[in-house]
Each structure stands twice: as structure tokens, then as C-alpha cells.
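The chain contents come next:
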Amino acid sequence: MTTSSPTPVLAARGLTKRYGQVTALDGADFELLPGEILAVIGDNGAGKSTLIKALSGALVPDSGEIKLDGKAVHFKSPSDARKAGIETVYQDLAVAPAMTIAENLFLGREIKRGGLLGKLHVINKKQMLDEAVKYMQELKIGIRSMKQAVETLSGGQRQGVAVARSAAFAKHVVILDEPTAALGVKESGMVLDLIRRVRDRGLPVILISHNMPHVFEISDRIHIQRLGRRAALVNTKDITMPDAVAIMTGAKTI
Amino acid sequence: MSTQTPKSSNPASSSILSKLPPLTILGPLAALLLSIIFFSLQSDRFLAGRNFSLIVQQVMVVGVLAIGQTLVVLTGGIDLSNGMVMALGQVVMTKFAMDFGMPPYLAILCGLLVTMGFGFLNGLLITRINLPPFIVTLGTLNIAFAITQIYSKAQTVSNLPDSMLLLGETFKIGETAINYGSVLMLLLFLFVWFVLRDTAPGRHVYAVGNNAEAARLNGIPSKRVLLIIYTLAGLMYGIAALLLVARTSVGDPNAGQTENLESITAVVLGGTSLFGGRGNVLGTLIGALIVGVFRNGLTLIGVSSVYQILITGILVILAVTTDQLSRRKG
Ligand SMILES: Nc1ncnc2c1ncn2[C@@H]1O[C@H](COP(=O)(O)OP(=O)(O)OP(=O)(O)O)[C@@H](O)[C@H]1O
Ligand SMILES: [Mg+2]
Chain F
0 MTTSSPTPVL AARGLTKRYG QVTALDGADF ELLPGEILAV IGDNGAGKST LIKALSGALV
60 PDSGEIKLDG KAVHFKSPSD ARKAGIETVY QDLAVAPAMT IAENLFLGRE IKRGGLLGKL
120 HVINKKQMLD EAVKYMQELK IGIRSMKQAV ETLSGGQRQG VAVARSAAFA KHVVILDEPT
180 AALGVKESGM VLDLIRRVRD RGLPVILISH NMPHVFEISD RIHIQRLGRR AALVNTKDIT
240 MPDAVAIMTG AKTI
Chain Z
0 MSTQTPKSSN PASSSILSKL PPLTILGPLA ALLLSIIFFS LQSDRFLAGR NFSLIVQQVM
60 VVGVLAIGQT LVVLTGGIDL SNGMVMALGQ VVMTKFAMDF GMPPYLAILC GLLVTMGFGF
120 LNGLLITRIN LPPFIVTLGT LNIAFAITQI YSKAQTVSNL PDSMLLLGET FKIGETAINY
180 GSVLMLLLFL FVWFVLRDTA PGRHVYAVGN NAEAARLNGI PSKRVLLIIY TLAGLMYGIA
240 ALLLVARTSV GDPNAGQTEN LESITAVVLG GTSLFGGRGN VLGTLIGALI VGVFRNGLTL
300 IGVSSVYQIL ITGILVILAV TTDQLSRRKG
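Chains as they are written, first to last, in numbering that gives the first Met the number 0: chain F, 0 to 253; chain Z, 0 to 329.
If we strip away everything but chain F, and leave its shape as in the complex, we get (with noise of 0.2 Å):
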């Protein structure tokens, strides 16, 4: 652990989610600090998409505490995080597949026109399609259309849009529930890519994912989650890509 380390960005202590009979989150912690890439490993089932539910606000945990800059924030739903500058991409996406990429990207934030008509929530299509088109070439994901439907990508396609999306918007906090999984070399690369300039803009991302390589290459420490905690949080170059697996799977504790 880091010794006298700054305000986190976004901290949790005890959070616990129970689904019925499972437990999801059994009191985790969480610490996310500014300006660093933290990524989440764990098993599969061990609560990393349940966390990051929690801090973006999709569902409300049973007990324990969020803060937000050392604030305790109480989200009650996606839209309060959102209204927090805190941006998702979830594990299934969240995309509307019958509507255009342009749509998808401003989904619940839509360009409202200007005078009566915004305030008759009118919305202004060709300046969402204009800025459509901005976000996607400073991300270099090449779709021609961007009034294609999502449903008509590929899905390494979708989880780029997935990702403009949140990039694009964020103000605080980046999250992203593995955002390669369904990606090639290549389009893998370019997220990766994509995440470093998302923190040389200063904000702090948090990235779960299953690829080690990549989150060795690419964070600055490594929260381990196993069966609902948070088992260890260490600093990438601290330990061995070995070790982190022999933690996750309780092979080995610290």
C-alpha cells in the first residue's frame, strides 16, 4: 500500500450486495486514487462487475460507503453518477441495438435544440451526428455511418462505440467492465490506447479485466477481488504476474 497517500478519488468501505441466497459483495473495500489506471482482477463470479454497480450508481448496495473526493456521495441511480462525472462501460454494453451510433452515444443526454424548441426538449440531430463523427475520428474506430444501428457492427465495433461513449464524457471517473473481452490485437490495442490518453487528460480510470498481460502493461496498481472482497491492492510493479494469479484464485494470501 501506498503510505500517506492523497484524497482518493472514489473509496467504498463494507460494501455488501446480496442476490437471495448469494452474496455478491461481502464488505468490500475499494480505493481509487487521482490520475491513476487501477485495474480489477478476479475470478469469474468473485463481485468485480457488482462493485463497479455500485460505484456508478446501478444498484444501490445493502450496507457500507462511497465517497466521492472524500465526500460521501449516495447514489440512487445511474443518472446521479453520471451527474457526478463518472462514466461506465458495462460488461453487456448497454446499447440500444436499433439505434443509430450517433443515438447511442448520446443516449440519455441527448442535443436539445436551441431556443422553444429545446426547452420543448426538440432535439438537434445534425449537431449529434457532427460531434458523432468527432468523437469516433479522435478515437480512430473507422465506421463509416454514423447513422448506421449499432445492431449492424461487429462486436468489437460496438464495444468501441461502448467506449467513445464514456470517454467522451467523462469528467471524473472512467469506468470499464472489460472492455477488450470481445476485441481483436489490434482494436485491443486501441482501447488500450485509448485508456492511457483518457488519463493523460488526468482523469483516473478503472478497468477490470481478465487479459493479465494487458493489465500489467497498462495500470498502475491492481485491485484483486475474490469471493465478494477485496483481497490485496498493490502497487503493478510490486509483484508478479504468478503471484497476482495465485491471490485471485486464494492460492495465496498477503
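Don't take each hint at face value.
[Claimed, not checked] As a list, the in silico SDA-like pairs of lysine to any residue whose alpha-carbon atoms are at most 20 Å apart: (1) F:Lys75 with Z:Glu212; (2) Z:Lys94 with Z:Ala153; (3) F:Lys82 with F:Gly107; (4) F:Lys118 with Z:Arg196; (5) Z:Lys222 with F:Leu58.
Rather than coming from a laboratory, the hints here were simulated on the basis of the structure. All of these numbers come straight from a predicted model, not from anything done at the bench.
Let chain F serve as the given structure and place chain Z with the ligands on it in line with the hints.
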């Protein structure tokens, strides 16, 4: 029918294709034109302007019901109750005016509140208790039917004040008499079409129908959207009740028996997917016109009404099959 919009293979073709209406509209439109051509070949009375305004008048009740149905179907739901809720709204409007001597506009308002109340109840049960729309609206269908019969003692309400029948009156364009109710229906279609296409709340309806959980994760209050949609659908059923009263000049407790399936037929023929999230209310207008053209045309050529019901049933199955097949491909 609900085929996907063509993918843009190259920039040139995409710019031309994007100016055309999407296939989801062209399919139903072609079906409408074909049925019009078919019936005009069968009967020379069919193509007369008078007959056309008659078709639109016959369509206006189902058309407005189908607007509400489209809203519900776009969210991925279905409403089996709308015919019966309309019947109840109709009886409330007419009886309040006759029995309590309420001013007509107040009686109409009460009728609208009752139908909206039923829509709200549907929405509440669906969003708060997570019941499937199919079962909830099957239940409220029966409740609305029973209340209608009990309250009206199965008696038709007649001798209504003229001011309740205003929407049934006509004005002339050339030789053709057009009634105000048809105009109201068309305006409602255009209004809802615009709201769904060009406003944020309208797009949220599609988002919820595509994937309610994804919509929620993107900050759209999915449950509130559903509740509002079912309530607005109820409002449409109330307006349909008013149109029916205006057309028939009575409050009929036995109305609304076939209108529910017809409204679903119109929605599906119009290319809106029963799986939610795709479709378009102008398609529904075309779908309703197809239903009306078949009704009218078959009557003109002397096909009995039992066969008309048979044909309606077959039309629905065909349309849903197209929907399912095009989905599997996509
Ligand atoms: N909505 C839910 N209902 C019931 N059980 C759930 C739900 N969501 C998660 N769980 C359970 O909680 C546990 C933790 O799930 P979670 O999705 O957080 O794991 P994960 O670490 O993200 O796994 P993976 O690596 O497979 O994504 C699992 O046992 C899972 O079955
Ligand atoms: Mg997960």
C-alpha cells in the same frame, strides 16, 4: 414488412437512400396501394371520393386506438384492454352527461380521466410489480368490460346533446364530405410521429423498447417512461371513445369487442415490431388504412363479416411472421 433499412455500402448510394423513406414505411405503403388497386378492380364504387372519406371515418376510431397501441408496443409491451377501456370511457362520458346533466365538456373530461386511469393502472402493475403486460391488460380488459356492463346496466345511452357529437360533423372539400374526427385523427398521428422522432422523450421510448436495462444505465428512467406511455395510451383510448360516440351518436356498452385486435393488426401491419424498439406511428396509420380498406372493400364486393374477421386474423399472423423472420435475419 419491417425489413431493416439498407446498410450504406458506399457514400453515394447512402446519400440517395437516406433521402428515401425507410423500408419499414415503404412495405406497408405498397401493401396499401396493392389492396386499393385490387378492390378498385373488383368494384367501381370503391374508388369514389365519397367511399374514401367513408373509409377514413370508419378507420378513425381504430386509428386513434392504434396510436395508443403503437406507443405501448414500441416499449416492448402490448395492450389487450384498449377496446374495453374505450367502451367504458364512452359509457362514462355519455351517462355523466345524461344522468347528472353535466356539461358535455366536463363529462368528456371525466371519460378521458377514466381511460387514463386505466392506462395508469396498467402501467403501475407492469412497472411496480413487474407483471407481464399481456396478463395485466388481459385482467383490466375484463375489469373494464364488467364495470361497463354493471354501470350501464347493459343499456345504450342515447339522445345525446349535439355538442358531444361535434367531431362527427362534416365539412366539404369539393364533392367529398370530411368529418372533423378524421382530421383530429390525422393531426394526432402527425403530432405523435413528430414527438417520437424528434424529441428526447420520444427517443427514450425507443430506447426503453430496445433494452430497458440499457436505457436505465444510461440515465433514462425506464419505469417512469413506461408509466407515462401507458397513461398516454389511456388518453388515446379516451379520445377514441369520444370519436366513437360522435360517429354512432350513442354510448354503446357493447362497443370495443373487435377493436382491440384491429388496433394490434394496424400496428403490426404498419411495420412496428412486437419485440419493441422499432417502428413508427405513420406505419400504423397505413396499417389502419389497410384494415379499413379490406373491411370496406370486402363489404362492397359482398363478403360476409365472418370472412372479414377470418381475413383480419390471417393478416395479423402474416405481418407478425414477417416481423419475426426479418428479425432472425438481422
Ligand atoms: N442480478 C443478479 N441476480 C442474481 N445474482 C447475481 C446478479 N448479479 C450478479 N449476481 C451474482 O453475484 C456474483 C458476482 O457477480 P459479478 O457479476 O459481480 O461477478 P464478476 O466478478 O463480474 O464475474 P465475471 O468475471 O464473470 O464478469 C455471481 O455469483 C453472480 O451470479
Ligand atoms: Mg463481470
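Checked hints:
Among the hinted pairs, F:Lys75 with Z:Glu212 is consistent with the structure: their alpha-carbon atoms are about 15 Å apart, no more than 20 Å. For the hint pairing Z:Lys94 with Z:Ala153, the CA-to-CA distance comes to about 12 Å; that is within 20 Å, so the pair holds. Between F:Lys82 and F:Gly107 the alpha-carbon distance is near 12 Å, which keeps this suggested pair within the 20 Å criterion. Of the pairs offered as hints, the one joining F:Lys118 and Z:Arg196 holds, with about 16 Å between alpha carbons and a cut-off of 20 Å not exceeded.
Between Z:Lys222 and F:Leu58 the CA atoms are separated by roughly 15 Å; this keeps the pair inside 20 Å, and the hint holds.
Violated hints are absent here; each numbered hint is respected by the structure.
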